[in-house]
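S.K.: What follows is the residue order along each chain.
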Amino acid sequence: GAGVSQSPSNKVTEKGKDVELRCDPISGHTALYWYRQSLGQGLEFLIYFQGNSAPDKSGLPSDRFSAERTGGSVSTLTIQRTQQEDSAVYLCASSLVWHEQYFGPGTRLTVT
Amino acid sequence: AQSVTQLGSHVSVSEGALVLLRCNYSSSVPPYLFWYVQYPNQGLQLLLKYTSAATLVKGINGFEAEFKKSETSFHLTKPSAHMSDAAEYFCAVTGGYQKVTFGTGTKLQVIP
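For the protein sequence lines, the chains are D and Y, in the order given.
Be aware that the first sequence starts at 1, since it is given in the working numbering, and climbs by one per residue.
Be aware that the second sequence starts at 1001, since it is given in the working numbering, and climbs by one per residue.
Think of the hints as simulated: they come from the structure by calculation, not from any bench.
Note that the structure is a prediction, hence the values are computed from the model and not measured.
Incorrect hints may appear among the rest.
[Claimed, not checked] Taking lysine-lysine and the DSS-like style, the derived pairs with C-alpha atoms no more than 30 Å apart in a straight line are:
| # | chain 1 | residue 1 | chain 2 | residue 2 |
| --- | --- | --- | --- | --- |
| 1 | Y | Lys1049 | D | Lys57 |
| 2 | Y | Lys1069 | Y | Lys1049 |
| 3 | D | Lys11 | Y | Lys1107 |
| 4 | Y | Lys1058 | Y | Lys1107 |
| 5 | Y | Lys1068 | Y | Lys1049 |
| 6 | Y | Lys1058 | Y | Lys1069 |
| 7 | D | Lys57 | D | Lys15 |
| 8 | Y | Lys1058 | D | Lys57 |
| 9 | D | Lys11 | Y | Lys1069 |
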């Protein structure tokens, strides 16, 4: 069956612009996670959704970052007024059983 | 609170040699532990997981890991390395909640 998909796969944007990153989870998966992977770093937890609600937003780095999930399915991560330090790979994962997360291929964001 | 430390950001082994990737964890509650593999330009794939059942866990592609509470370790091993094992490996821990904390990763190089 289809896995987790993310779009775009690559995004280059100018500093100060807003960007939207999309995640399509595996159908039926109730939980959805966003992570950020910077060069030489591990995965940094950003936010997780259970259904459409986000019980844990503790990882969002600043108020420029926001995320939503609609219909218990697609999620969008929005970064406003992008900065160069936002450059990273943004990974999305979904799960039905909480300890089995399935990851998408990621979106590589480059802020110039 | 939880954390995970992966010893060695880069490990090189000869093809056919033993693979040993080290992971030590810290958790204030009984942990669940995971190893993920990431191939270039791909998302993470779950290799194996420890969820408080058997301490020796077998995963895909011939990998296994042993949970040692006394040493707070969860090292990943494979008896004989293949060229296809070259990738980045991430250890991760959770205390039973949805938030999973990842290590900084170990890049495995397999030398022919």
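S.K.: Each hint should be assessed against the structure and marked as holding or not.
M.R.: Tested hints:
1. Y/Lys1049 <-> D/Lys57: holds (25 Å)
2. Y/Lys1069 <-> Y/Lys1049: Since the Cα atoms of lysine 1069 of chain Y and lysine 1049 of chain Y sit roughly 15 Å apart, the hinted pair holds (cutoff 30 Å).
3. D/Lys11 <-> Y/Lys1107: This hinted pair holds, its Cα atoms lying about 25 Å apart.
4. Y/Lys1058 <-> Y/Lys1107: holds (21 Å)
5. Y/Lys1068 <-> Y/Lys1049: holds (14 Å)
6. Y/Lys1058 <-> Y/Lys1069: holds (17 Å)
7. D/Lys57 <-> D/Lys15: holds (24 Å)
8. Y/Lys1058 <-> D/Lys57: At roughly 33 Å apart (the allowed maximum being 30 Å), lysine 57 of chain D and lysine 1058 of chain Y break the hint.
9. D/Lys11 <-> Y/Lys1069: violated (43 Å)
The structure does not agree with the numbered hints 8, 9 stated previously, though it agrees with the rest.
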